[in-house]
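Each chain is listed here by its residues.
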Amino acid sequence: MTELSKSGAAVGEPVKDSSTPSAFLEVRDLKVHFPTDDGLVKSVDGLSFSLEKGKTLGIVGESGSGKSVTSLGIMGLHTAGQYGKRKAQISGEIWLDGTELLSADPDYVRKLRGREMAMIFQDPLSALHPYYTIGQQIVEAYQIHHKVTKKVARRRAVEMLDRVGIPQPDKRVDSYPHEFSGGMRQRAMIAMSLVNNPELLIADEPTTALDVTVQAQILDLIRDLQKEFGSAVIVITHDLGVVAELSDDILVMYGGRCIERGPAEKVFYEPKHPYTWGLLGSMPRLDREQTERLIPVKGSPPSLINLPSGCAFNPRCSYADVPKDNVTRTVRPELAQVGSQHWAACHMTQEQRDRIWTEEIAPKL
Amino acid sequence: MARGTAAGPRAVLAYLIRRLFAAAVMLVVIILVVFCIFFLVPKWAGVDPAAAFVGKQADPAAIEAVRQKLGLADPIFVQVWEFFKGIFAGRTYAAGGDVTQCAAPCFGYSFRSEQAIWPVLTDRFPVTLALALGAAVLWLIVGVGAGVLSALKRGSLWDRGAMIVALSGVSLPIYFTAMLSLSAFVYGLKWMDGQYVPLADSFTGWLGGMILPWVTLAFLYAAMYARITRATMLEVLGEDYIRTARAKGLTEPVVIGKHAMRSTMTPILTMFGMDFGALIGGAILTETAFSLPGLGQAVLSAIRNQDLPVILGVTLITSLAVIVANLLVDLLYAVIDPRVRLS
Amino acid sequence: MTPSAQSGGATLTKDAAPGETLLKVTGLQKHFPIRKGLLQRQVGAVRAVDGLDFEVKSGETLGVVGESGCGKSTMGRLITRLLEPTAGTVEFEGKDITHLGVSAMRPMRRDVQMIFQDPYSSLNPRHTIGTIVSAPFKLQGVMPEGGIKKEVQRLLSVVGLNPEHYNRYPHEFSGGQRQRIGIARALALNPKMVVADEPVSALDVSIQAQVVNLLDDLQQELGLTYVIIAHDLSVVRHVSDRIAVMYLGKIVELADRDSLYKAPMHPYTKALMSAVPIPDPRRKSAKSERILLQGDVPSPISPPSGCRFHTRCWKATQICTTTEPPLLELKPGQQVACHHPENFADQAPQDTVLLTVAKRAAELVADEVLAESAETSAAVAAEVAETVAPAPAEATSEGDAGDSGDSGDSPAKEK
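Protein sequences, first through last, are from chains A, B and C.
Every letter in the first sequence is one number past the one before it in my numbering, and letter 77, counting from 1, is 77.
Every letter in the second sequence is one number past the one before it in my numbering, and letter 52, counting from 1, is 52.
Every letter in the third sequence is one number past the one before it in my numbering, and letter 412, counting from 1, is 412.
The shape of chain A in the complex, shown without the other chains (with noise of 0.2 Å):
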């Protein structure tokens, strides 16, 4: 077991021994590679967090972090429609509810999703089907992982659509994606994923291609529904907006790496890795006075074939060049603890970077 795992024993979570872990969805050194005729792309490249059922957890990254790659890994459907190229990698360990996934046998995984997880993706007009009605969809989902006949089968198809807040379910039902709205199919979606009551949804983008009031229909969705079902939820998303109205964990990647975690409070108010204080620095906020400029994050993100050496961050880090001591910078920065449940990976000392984050940072925001 490699380094993260170490990293991960040393702030208090029992990772090295692969006993059962107590939380429901536990992820322990999850690496998700793709090989290429360029390389190998290393879009997940060791991760770790655990979460616990009722509790939601958002993971924030720019395209290519890994986040998406890392709930397609969960699912189980990292290889998915990778017809004939070489198979993704993965390893590491899945821990839901109890059991391992990736050494599971695939068709038992197969009877998990949809019924245990479950997930929302960011397109619902390319992620319904066509030229299946709307009923028929949630049918099959339903008859999928219940033995149940088609009328029972429909009649929770239209509660589900009830229960999302589509008018006139029982005549919704059978429609066709295409003459739903933008929000109306992505409630569909939300209903369709829930109808098997999954512990644990993973919700990837659910509101980026939606309008803002749409978006804000669809967010308090989610939150009313995890309260009433007490799932777990993972929300991926590159906003941090949407992150903090539904997380209570945050966890941020750069590079197919965490490097950053903790309770979402703790996040945007003491964030301690310098990603993180670009993210919110980049961020222009309708709920402050308006900022001269925004402090964006130089450069751009970094390959994932040819990663950095050291700290995948160091070309972009405006604090790259702060003396640190006793760090050899081509070694990565693990994952240490900074605070109650809060970690950051990150070769500068708490102290140093709590000076720049009050001095140097907070003030501009």
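Derived from the structure by calculation, the hints contain no laboratory data.
Yeah, the Cβ is synthetic: ideal placement off N, Cα and C, and Gly gets one too.
Just so you know, not all the hints are guaranteed correct.
Claimed, not checked - The calculated lysine-lysine pairs, modelled on PhoX-like cross-linking and capped at a C-alpha distance of 25 Å, are: (1) B:LYS85 x A:LYS87; (2) A:LYS298 x A:LYS227; (3) A:LYS151 x A:LYS111; (4) A:LYS227 x A:LYS53; (5) A:LYS364 x C:LYS262; (6) A:LYS111 x B:LYS258; (7) A:LYS31 x A:LYS87; (8) B:LYS153 x A:LYS150; (9) C:LYS95 x C:LYS57; (10) A:LYS87 x A:LYS111; (11) B:LYS258 x A:LYS147; (12) A:LYS151 x B:LYS258.
Claimed, not checked - Some chain A residues close to chain C (C-beta under 8 Å, calculated; not the full set): (13) ASP107; (14) THR208; (15) VAL212; (16) VAL297; (17) SER300; (18) PRO323.
Fit chains B and C to the given chain A structure using the hints.
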């Protein structure tokens, strides 16, 4: 706008009527175009249509008689009307006391062989239809099947092999494959005698005579369909809704066989409508190579004998077949893709 | 302007002095006909843009916000004359360019440039960035001082790209860099006005900020005038001096940035702003501040009668369903089209409240919001009553919107 099932059937019906109407209009236009090609264009080109209709070595009297029978001196719209009327109600060709009857679906009259075209066509049509149908079944099964398998095993030995065979199928001329199979199985191995036997005479004989033409014709099309199916399937497999289907926990056979296949079939169906329609007009090369007495062979001999009315008749019937095939495809489309009904 | 003046560097003379009207749009409309059947009869029209009046002053940034289908992108293509308006006029520097043909537009094309949303598809993948950025010179037949190559390299460094990358192809660049290439191309002919349609929405957050700052710097250095079209209210607030809020082909509010964000007057503006997720976990529980609009935006093919927002508005009354409110300057620098504006005196106070709408909206808008809005409205009304005489409520309806009683909350409107 279709909303749910309430408006669904009505929308489908409206779509059906629209398509039927469009097909009817298309039919009229095609008849007009055919008329132009066979009657007006020669005239503009300085060729006497009457002479063309009689054939190579005709004496001036015969030409004059045909001219009168066809009414070539009449105004064009009268000619067009007669032409139309002939197709739907039959017509009479008259030159003085010389009267020739051409019954209801009058697709023309061969003044050379002294017979109406329609019976000639109906005589030969079943052979062509049998050839096309049999080949179509073969190429759909083999082509689509091979394409799907190739897509699912992209890059594998099977895929590469199948695609090489498909490429050769597309590029080898049909007379080459026909001759090859004839020399191998009929003259070489002597598995069959290569003679066409009418179905009415002997089923096994008919089957024996048809197998090679079917396989030869299907080889070409199967190759094309395998390539298209493979490409479409690969595209569909990358769609988001396929990922959704897997995320629901559906088994792979359902994901592929139900969700992916339905989308893959749409472009294939379009192609099939065109190809099948065109084949109905006669697979000239296949029929000639295997001496099948179908429409294609009729056309070939008509060209050889400069028997213009036969060519005209086959042209008409081919157009008709393409229109009907396309109509069927459009209707099937509406069943497969709900979005079509609205546009 | 002579071509040589263009390579002169950052400081350049401008024809219009700052503050003068550069672009003036009056009654602008664009209807896209919908044709059906064999004969392609016109059975209706998508009223993408349906009567816009606004001005853009030299040196300022006008932000245009709205949800999809509000016509903001069509508006951008109309003022750059990539589309020809159905009705109304577009004047640039006092010259009517509404119906100019391709050749008559050519000199104008130098002055008005456009930046597009998608940096991936707006650059030809088979051309080097040198070719792409120098294309405007070749199209316009302009020879910059020192040669095209030198000028292109200067432009690349202006937008923060390495001039040595002149011979590279678009795929060798990241999204943010490609957007910079697009900006360099737009700046090549030293335009007066740049219309940017969602310039940063395809970019990652950290890159977004780079491009926003770049646009900012370029405006200061080159004295550019921007029209920035975007759906992201935070970005629009950051970049704009004045902001127009569009809904279903109309401007519902047009105001200075600070007035708009501090005291929005149109209920739609207010709802739109409250819907933006706030990146602050402590406010997660503060749901009562949010106005949750019901349903989706109605179809621009048959927009609701009267005020187009009445089907989703919690303040709608009888008059809203029949009479279209005109865009009036109720406060200095704040134009709004509403019978019952927020933060201001009601324009039709005695009107019958629509019970159904009010009831439905009441479920959605937390009581505090309603109470607060009533309070502020009353307070402001008292304050303003002394100074400004409120415009009469019986404003003239434009009479073009009375064709539909279609309720806005029925969701499936698209074809």
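Do the hints match the structure? See the list:
{"no.": "1", "hint": "B:LYS85 x A:LYS87", "in the structure": "66 Å, violated"}
{"no.": "2", "hint": "A:LYS298 x A:LYS227", "in the structure": "40 Å, violated"}
{"no.": "3", "hint": "A:LYS151 x A:LYS111", "in the structure": "22 Å, holds"}
{"no.": "4", "hint": "A:LYS227 x A:LYS53", "in the structure": "11 Å, holds"}
{"no.": "5", "hint": "A:LYS364 x C:LYS262", "in the structure": "21 Å, holds"}
{"no.": "6", "hint": "A:LYS111 x B:LYS258", "in the structure": "18 Å, holds"}
{"no.": "7", "hint": "A:LYS31 x A:LYS87", "in the structure": "14 Å, holds"}
{"no.": "8", "hint": "B:LYS153 x A:LYS150", "in the structure": "34 Å, violated"}
{"no.": "9", "hint": "C:LYS95 x C:LYS57", "in the structure": "15 Å, holds"}
{"no.": "10", "hint": "A:LYS87 x A:LYS111", "in the structure": "22 Å, holds"}
{"no.": "11", "hint": "B:LYS258 x A:LYS147", "in the structure": "19 Å, holds"}
{"no.": "12", "hint": "A:LYS151 x B:LYS258", "in the structure": "21 Å, holds"}
{"no.": "13", "hint": "ASP107", "in the structure": "38 Å, violated"}
{"no.": "14", "hint": "THR208", "in the structure": "10 Å, violated"}
{"no.": "15", "hint": "VAL212", "in the structure": "5 Å, holds"}
{"no.": "16", "hint": "VAL297", "in the structure": "4 Å, holds"}
{"no.": "17", "hint": "SER300", "in the structure": "4 Å, holds"}
{"no.": "18", "hint": "PRO323", "in the structure": "25 Å, violated"}
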